[in-house]
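Q: Take a look at the letters that make up each chain.
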Amino acid sequence: MTIFEQAPNTSSTNRPVKLVYFAWVRERIGVPQEEIALPSSVVTVRDLLHWLKERGEGYEHALQFPEVIRVALDHEHAEHDEPLGDAREIGLFPPMTGG
Amino acid sequence: MTIFEQAPNTSSTNRPVKLVYFAWVRERIGVPQEEIALPSSVVTVRDLLHWLKERGEGYEHALQFPEVIRVALDHEHAEHDEPLGDAREIGLFPPMTGG
Amino acid sequence: MTIKPVIRVQANDFDIAREIELATAGHPEIGAVVTFSGICRDDGGSLAALELEHYPGMAERAINEIALQAAERWPLQAITAIHRYGRVTPGENIVLVLAASAHRQAAFDGAAFLMDFLKSKAPFWKKLIARDGSDGGWVDAKESDDEALQRWSAAEGFERS
Amino acid sequence: MTIKPVIRVQANDFDIAREIELATAGHPEIGAVVTFSGICRDDGGSLAALELEHYPGMAERAINEIALQAAERWPLQAITAIHRYGRVTPGENIVLVLAASAHRQAAFDGAAFLMDFLKSKAPFWKKLIARDGSDGGWVDAKESDDEALQRWSAAEGFERS
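In order, the protein sequence lines correspond to chains A, B, C and D.
This note's numbering puts the first residue of the first sequence at 1, with every later residue one more than the last.
This note's numbering puts the first residue of the second sequence at 1001, with every later residue one more than the last.
This note's numbering puts the first residue of the third sequence at 2001, with every later residue one more than the last.
This note's numbering puts the first residue of the fourth sequence at 3001, with every later residue one more than the last.
Note that these hints are calculated values from the structure, not bench results.
Yeah, the Cβ is synthetic: ideal placement off N, Cα and C, and Gly gets one too.
Do not rely on the hints blindly, as some may be mistaken.
Said to hold, decoys possible - Heads up, simulated EDC-like pairs for lysine to aspartate or glutamate below, C-alpha to C-alpha not over 20 Å straight-line:
id	chain 1	residue 1	chain 2	residue 2
1	C	K2121	A	E76
2	C	K2127	A	E27
3	A	K18	A	E35
4	C	K2121	A	E89
5	D	K3127	D	E3065
6	D	K3142	B	E1034
7	D	K3126	B	E1027
8	C	K2121	A	E82
9	D	K3126	C	E2029
10	A	K53	A	E79
11	C	K2142	D	E3029
12	C	K2121	A	D81
13	D	K3127	B	E1027
14	B	K1018	B	E1034
15	A	K53	A	E34
16	C	K2126	D	E3029
17	C	K2127	D	E3029
18	D	K3121	D	E3065
19	C	K2142	A	E67
20	D	K3127	C	D2043
21	C	K2121	A	E54
22	D	K3121	B	E1067
23	C	K2121	A	E35
What the hints assert, rightly or not - Examples of chain C residues lying across from chain D (beta carbon under 10 Å, computed):
id	residue
24	I2039
25	G2044
26	R2061
27	A2148
Sequences and hints are given; from them, build the entire structure.
A: Have a look at this one:
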């Protein structure tokens, strides 16, 4: 689902990225994935989490404690202080419980 | 094979025991097992090893280094300073290499 | 040594005997195979099923990276890791990890390392489905699982042949 | 908990999948099964076979004692140990050890402990049969195998759930 038109702070946007959500992050946000154009003010993973959190109730609920959210840039784990760089797909999810 | 009559130092004997040999101990002694009447001077595992060693060439070859021989009294591992007690079956073998 | 780990993320069950056969075929130098199978517990009868979610694409890639790390660390001739997704009921397999080596300690360590990393570094999540059909919520990550990883960065422990 | 280890000393091969099935049946609390299989290596092509000798009666008893020690030390729901005797050719199984628990670490530790003790405390001996049919002599016990036992009497290491 493309929601370019809903994104706040889009005065100066970067290229769109694909956000993918899993487990309770997905359930709370309410969609499994979306294309979004990030404002240029969003540089790091942490910036993204805080920016997303303001997008509505579901986001607020999912990202209430942003520090617990795990993030993958193009399928690679990323720390919260890492820049998003030119990642095309960004995954957001709770701590993993495989095995 | 019963070899009561061959045993040296049988002036005062205990009850006979069954000796069982494995791996190169068996190959060197030349029989897999034998019944033997131990003299009462043979009290510990170590006594047994040294006494047996004198019984002939095969024994001498098998028990050349008695300290490496492992001994089981009625299927239980025994240290060399342990008394033979009333063990009925005594196993002699090299260090184990299972698994 | 270059080994090619066998990594699969699949809905279906797996056959451990077959995976051992595949992993060891053509490797006459393998003397030790360790397998770990993770099985769905019934939580004292309260659990009807687990719903396993994963991040397609990333899951395979993350497990493959862990497997390659294991292969760098221990002399392993074969590594297999299979993780299921979808609904799994008590008694059913969830995950298989296999490590094969000439010697037992490398096989044990390789398999334990793989499992520890898979538990908290591969993108899988478990939801509980209760006996009455209700959503029992997502399984919380255990701190002990993160702690489990730390031993692999500490002193190596038992490096014997 | 009282568990009854399954101990077998046999000439025939075993079926790992079947042993896992038998060990876990009726135990819905089992979440982790670790198997170790020891396989006959070919020693770079020079080995035709191993001839495995054992002390009948004592072998079963010694393995059973080791298994009971493992069951006292870790919360294990099932333990299986099968050791073959007689002639075994490269690629064939020699030994299987299986430990099952609610949690993975107990299963890993239980299986590793069993193998370490089995290697140097169970009365089995291996003779090498060379490619040309000649007697290649008895395998020497390794000091590293005795050392392997020592870690189990030292501080416990990683006791996590």
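Q: I'd like to know which numbered hints this structure contradicts. Please list them from smallest to largest.
A: Numbers 5, 6, 20, 21, 23, 26, in rising order.
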